[in-house]
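Just so you know, the protein sequences line up as chains A and B, in that order.
Mapping of the first sequence onto this note's numbering: residues 1 to 1147, in sequence order.
Mapping of the second sequence onto this note's numbering: residues 1148 to 1621, in sequence order.
Note that these hints are calculated values from the structure, not bench results.
Glycine included, C-beta positions come from ideal geometry on N, C-alpha and C.
Mixed in with the good hints, there may be bad ones.
Label-pair distances were calculated between CB atoms; the ranges are [said to hold, decoys possible]: (1) Ser323/A to His1612/B: 54 to 60 angstroms; (2) Ile1424/B to Asp1111/A: 18 to 24 angstroms; (3) Gly615/A to Ala1564/B: 54 to 60 angstroms; (4) Ile1390/B to Phe1010/A: 25 to 31 angstroms; (5) Asn818/A to Glu1232/B: 51 to 57 angstroms; (6) Ala786/A to Glu1232/B: 25 to 31 angstroms.
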Amino acid sequence: MQQAYFHLKRLWQNCWPLLFVTTLCIEGSMVRANELSLDEVEYFERYIRPVLVENCYSCHGGEPMKIKGEFNLTFRDGIRNSGEQGHNVVPNDVGKSTLLDALRYDDSDFQMPPSGKLPELVIQYFEDWISMGAPDPRDDAFKEGDAGLEEVWAQTLEHRKSWWSYQPIKPSAVPKVEGNTSTNPIDAFIHASWKEEGIGPSPKVNPYTLIRRLSFVLVGLPPTQEEIAAFVKAYPLNPQGTVDATVDRLLASPQFGERWARHWMDWMRYAETHGSEGDPRIPHAWRYRDYMIRALNADVPFDDLVREQLAGDLLPEPRINESLGLNESKLGIGQYRFVLHGFAPTDALDEFVRFTENQVDTISKAFLGSTVSCARCHNHKFDPISQKDFYALFGIMASTRPATVLVDSPAQLSMHKHLLSANKQGIRAILAEQWINEVDALVDELREPDGTWKKSVDEAKSAFNPLHAWHKLRALEGDAFTVEWNRLNEQFQQSHEALVKRHSTVYPIQWNLGGEDAHTWTQDGNGVDGGYAKAGDFNILYEGNRIVEHIYPAGVYTHLLSKKHSGVVSSPRFDLTESNIYLRIIGDDKALNRYVIQNYPRNGTVFPIKHLSDGKWQWQHWNMDYWKWDKAYLELSTAPDQAILADDNKTRSWFGVAEALMQGNDQPAPKDEIAEYVFPLFRDEGIVSTPEDLFARYAQSLKESILAWRSGTMDNEQARYLESFLSQGLLTNTLAVNSKLDALVNEYRRLENEVPIPTRAPGVIENTPFDQALYARGDYKKPEKAVSRRFLEVIDSTPYGDNNAGRLKLAESIVDANNPLTARVISNRLWHHTFGQGIVTTPDDFGAMGQLPTHPALLDYLAQSMIDNQWSLKKFIRLMVTSETFQLSAVPTADAKVRDPNNALLSHANIRRLEGESIRDALLHSAGKLNSHAPVGNVDGNSDRRSIYVRVIRNNLDPFLSTFDAPVPVSTKGRRDSTNVPTHSLTLMNDPFVRAQAKELAETVSNDPFLSTVESKVKGLFLRIIGRPPTGQEVKVLIQYMQQAQARPAGAEYDSALVNDIEILTKRKRTLSKEIKSRVEEALLNNAELAKKSSNKQKKTVAGAQVKELDNINQQLDDLKPLAGPAQPWVELTQSLFSLKEFIYLH
Amino acid sequence: MNDKLPQNLITRRQMLAQCSTGFGALALSGLVASPKVAAASIAGNHMPKAKHVIFCYMSGGVSHVDTFDPKPRLAKEHGKPMPVEVERTQFNNNGNIFASPWDFKQHGESGIPVSSLFPHVAESVDDLAVVRSMTSSVNEHAQGNYFMHTGIPFMGHPSAGAWVNYGLGSDANDLPGFVVLRSGGSNVPHGGVGLYSNGYLPAQNQGVMFYGDSPRPVQHIRPLETLRTQRERLNTIKSLDEIFVKSIEGHSEVEAAIDNYETAFRMQAAVPELCEIKGETEATKKLYGMDSTNGVTAAYGHQCLLARRLVERGVRFVELTCLPEKMGGGQSPNPWDQHGNIKSGHENMARQVDQPIGGLLKDLKSRGLLDETLVIWAGEFGRTPFSQGGNGRDHNPYGFSIWLAGGGIKGGTIYGATDEYGYHVTENKTTVYDLWATVLHQMGLDHKRLTYRYGGRDLRLTDVHGNVLHDILA
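This is chain A alone, in the form it adopts within the complex:
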């Protein structure tokens, strides 16, 4: 009660406007209700209207469908007389006003509001109001329908806006407090609050505890012995100077980033897998972790970090890390991908809405301290956040597509591109000339083919092959020749007509990727440029004797310069109104083709994928009946680049796409047409009646094709025609023919070899934005009007417009000077991690369901200083840890114990348990085993690296860290739990990992020649683990243990129960072994098949249960036997010190 009183008192003192202390004047009402006095109106507006709006209107006003019991409380006559009985409010008659009965909860059948009784104080206001005549300026009921609802919301919003966290930041002057000698402004504010409560601070903490506190808070590790010694020595001479210097050293340490990035990762629910069935990895997730560590070490301003997290891929001037060759900014968008994904959902829209909601939830909590996703189904129940706000942000998130993206610097991504391109043109020119010279000789080859030509002509059985005509005609003469030519010509004409028909058919959706349609597709990666390649583009092989691999028709290709380049190419989003999708594609090395339903990035039973592995053109068909009416897009990606299905081992991969379309079952399936391949041969209408006529045609068509290729003006048919001759080896395409060519090709290959393999990271790809429809009551089967993409209306409701990246604008809104939330939220987060308790103790919720700030003026002062210091996090943290407040002892004064038991006023330091990461790191650190190098990727929990590098596999979280409350990564976690369960004790008592560290350290110390006596060893151990010398009493306890332990006999003699156990188990083991042996022998006599199996298999087959029991017993014996050996007093003692509360609690 003391506490509640104290809390309330603080509220009043700080004068944050409370929910029901709002002033709200509506001029119109005042004019019409002119019989009321100003005081009466003021009373109604202050004490009555807000309560009605907040608690009653949702059922008794606004929406006509929802006026329950016909009570309409939105206007004067309604509140007085609507409903079945009337006389709800009888002016001047408290006794007759039934509304009061309901508010008082007297009658169990008639209690309002149903969510819970209002505070007595509020009910008193209603009584007083009725007693004064129930003055009510509201003449008219709310309009029916949407307009009425909007009016209710407008009023609700208006008064919820007055909640403290939405008020502009109002930095007050640093208070001058008598007795405060500190120059640090934090101390002045804190000191002032002590004065108000009549308490004083605890004394300063001793230097041992202080250096430990500084070290854990700033770098998450205990100080080394040397650091302790230096600090303790310097401190008495110049306390504050020593603290300042130490803080500077720790802030500059690379381990600062490893500590604070972990906090940040809690806010962004960092994980390396997506969870659910299969728990697929998020490829390269760890790069986000390393990026955060670098960013915090470099003290990148917080507003820039927010921009990077939201829209790092869209920044006009991204932060380039020259030494690593990375685009740091782009790594920030990895956070979008830490969502959970279900496995093969049959309802993909449900999945889409859920994971997009999680993105909104995370961003709004992490940066705004707002629970926006609570407004998915209805306007927020407590905060000034509308359902529309939720869908406005939803639309911004939904306009992206999950992907694996490239994070190299632009220079890396484009390395040698110009040179390769120029080189390629040189190769083309030489080859073209070579080929033109070869054309005339071709005719001779055709006349009397041998070698390659003969083989080609012999095998040209397919009408798609240009040589097919000669294949068919070569044995014919005279009329027979003409007849066959006419047949071939007829076949061509039919195919041509079919082709023309297909090209003129209108499909529900169709894209020609060899034309302007390519610009409507999303193209990401350094192998594509947003446009398309013209017909005749080609690629050079990076090795081997052949030079050109393929000549292509127009389309989008990823590998025209190098197969190391990447590409993610996807269609616009469309409605699946028809049954069939066709894509005309080519690719190899596990390039991936799939359709994507509602942005779902995984594969699974009803989410098929197709790997391209033959380098041949094909029409990929997808039947879409299952997904009809869902939203979809089509996606192609090089092997390492899909969002989840990425194959990192494929460093070279490629694909091309020329056409895509959707069609109904009544339209014929598109297919390759002969005419597309042999058009140049049949183009002329002249007569072909002899072989020479045909040869002339071959020569002419080929020559024209080559010339067109050289000049870059060829059409698709010529490209396919030339490709056919090339692929059959009929044109020169090898090294060692032309030395100039060789030189160019070799140079090309040398450059290509230097093209770096891109660095990949999780991210999203920006897409054509769309406004998301609001879902009625959150039900995605009930879409209503679309909501413009914009920020929260309580701060700025201006729509972001149609043609832009909403994420970038959202980032700007979040860090905008007019948004008071962001600076307060981050200031409070840093405060929380520094002092162990936020100024707002609910760091993820600054709304009405969260707690009020204990020091509002200080919070505003800090938020403003954050902005004034260009959002420097390090400066901010420095200010906090160098304050005197930070340096106080954890022992409360007698006054503080009574008046401020929760230490809201920080008159002493908070005692808090270390995070799991710090406990694990401290174990390794004390044992001298901590490896301070960052791994590439992640590590197992048993490794010697810092805990931040331990892998975060959602379905298999690290048991040690989980035990000590590492978060389950699902949404923002600004304040970790600090629980107390026996599992903690069992872990510190019995975990082999802990034991191993104890052993390591025990050996070091017991072998240390400088620690010669038991006493000195004991003291050394204590100092290394606890960070201070033990007191005399503590030394006594420790030495006593050592004496006792060293006098102890071996475990077997010491613990008779142990011997007994071992005996019993050993006996049983013998019996079992015998039984298994005899069973196997017996079985072998009758079973020849058994003899072929391994001995282990034989045993398991015939005596499975016995083998299992034996394994079990062996395991137990393994556990017990070491215990039977001699005692290991030093190891025991060391491990005991690891179990001390002073080891795992910071004080």
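Got chain A; can you put chain B on it based on the hints?
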């Protein structure tokens, strides 16, 4: 600030919960004498009927039309196409109507029909309330499992067992209040251990895994030294910790952490004692099928017997895990999931669990424990009345059967119905929220008032849904 009062209570409760030691009933010990009173004051206003829950989770999805929901029409129209529109299935390999390979017979006084897959459970049919109208909103294992356990189809939320413990505390001092049993290669269903998570509730409410037939039933439960050595060590630790606590002039959380070591020490003895089922008669073991030559039956029997022993010791919520079809067999996270060959698959699975669960029901009853123990039998969804690939069945979340027994449940009840094909619910559609609302109700908790404030909302096991199924209550 109209909810100041309950908010303070919760905050204080949460604070106390964080400071408590052990798994015990200490959440509210500072405020009230008995955990039951505590629960009533927070979340309920009626007397509890049940004290414990045993949740036999049939991971993978049991076919209702082959077990507790007979559909003669399937036999009549076997091989014909479904006459109604077929919803999206997970494998989209939908065949024709597929008759049940098993016969149904009426059992007990109530005459509830049960297929020949469950002869032992059928003997206790008069104790069961069969809910034939359960539904799920998801069609996939991991999400289905999360949905059935937490009411939300994804990780991060408290499991029902955690909620029950949060609401009531535990009567067991040396044991966790929420135990998940494993044995003989049984596996955690798809979704992983997060299914038993405390979510945002205090950690002492999380499900603790007991490997019932392993020498290390609980992680780190075996000392790496003799118990006497450990005792000496703990005494030393305690002496030093007390010096520390004195130096900081007392601190409830630190003091609680000190006490924790004693709880842990006791657990080291209590857990193995519990798991070695010494003291049980051969007749009892036989009742549970532990003498079965079928290894998986014996192992599941071990779990069922342990469940009873845990309940006897005051554990609130025990969840069992199925083993694969055969010892060392595959598909261990979802062993009931027969997309093909349902005949042999379901037969193997039923043989694994039927006798042990039947034995459990009888044993609980004969010991007078069934009245206070609510047994739940459920999977994450049912299976389609039409075939997949000719001899299997795909997932069917639109209507399936679960049953409850004991703990104030009205035995011999059938509740709800599916259509003539067993495809969709036609009567008394039931959700997982209704199930848990009912379970909490029987435990003396009002599901609407058992809340925890997290992320700006007062969250519930039943989200914003749930109705108590009064029709199945005695």
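May I ask which of the numbered hints given earlier this structure violates, with the numbers listed in increasing order? Failing hints: none at all.
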